[in-house]
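The sequence shown begins at 1 in my numbering and counts up by one.
Check the hints yourself; a few may be wrong.
[Said to hold, decoys possible] List of simulated lysine-lysine pairs, DSBU-like, C-alpha gap at most 35 Å:
(1) 133 to 47
(2) 69 to 80
(3) 24 to 80
(4) 153 to 69
Derived by calculation from the structure, the hints in this document are not laboratory data.
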Amino acid sequence: MEMEGMEVFPIDKDIKEIFCSHLKNNRHQFVENWKNKMIISEKDPFKLEVVQNGEDLLELIIELTMEDKDINYLQPLCEKIAIERAGADANIGDFVYNANVGRNELFEAMCELDVSARELKPIMAKIHTCFDKLIYYTVLKYSEIISKNLEEKQQYINETHKERLTILGQMSASFVHEFRNPLTSIMGFVKLLKADHPSLSYLDIISHELDQLNFRISQFLLVSKKEMWNESERFWLNDLFQDIIQFLYPSLVNANVSIEKNLPYPIPLVGYRSEVRQVFFEHINEFN
């Protein structure tokens, strides 16, 4: 962050010395008056630094006035204040208010001098420039820090969310596997009972309900695998079909359904694989 150069004001040397000497001789009273008007939170971890920054700024203004230093001389203080305000999670408006209070205190100090307003005008212009640049570049640096912090927090939240989804998917897949094994056995025995006792009551109802339960379990597993549903990817339609058929194989066998694939060559797709898979999954299940 580089500050633009400050306009050179023709300030009379004697006026410089009078003004700067007055500030040095009355430094304590000036800082005390400024401090009493500042907004400083008791919870601010840098509350002692707020007053110290005011004293440092006063010293810098004296040096900028006496030695005609470049406005970039303020930059380290701007960055220090911005880091502290961001670290305190404070409203940057408090800093802007305190800076303007300090500006007014300086102008009141100038009124105590036995110097005409016309002679003080160049110094007033320089003070305005110093405070304007101080506020602008401090707020700019503060905004950069806050934006960076927000990006890091969002990245952490996204990574944590993905980790939780992955764990949830693994747990869901394990649950479905443990649940489907006995369900498949029950469905098989019901089918044998139907073959041996075709007239036995309620077997059709039991078989239908088991099929519905198996279908819901299959849907649950599909949802659990949507860990990256917001990310578009490149995949092969052939592989997707094979995955779906293998997944639904127990249901297809029980329903006496056979599926034939006629894909002579690999077909690439770019999109949301889990969503495409869900569409084909639901259509194939209609035959069940």
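### Task
Mind listing which of the numbered hints don't hold for this structure, in increasing order?
4
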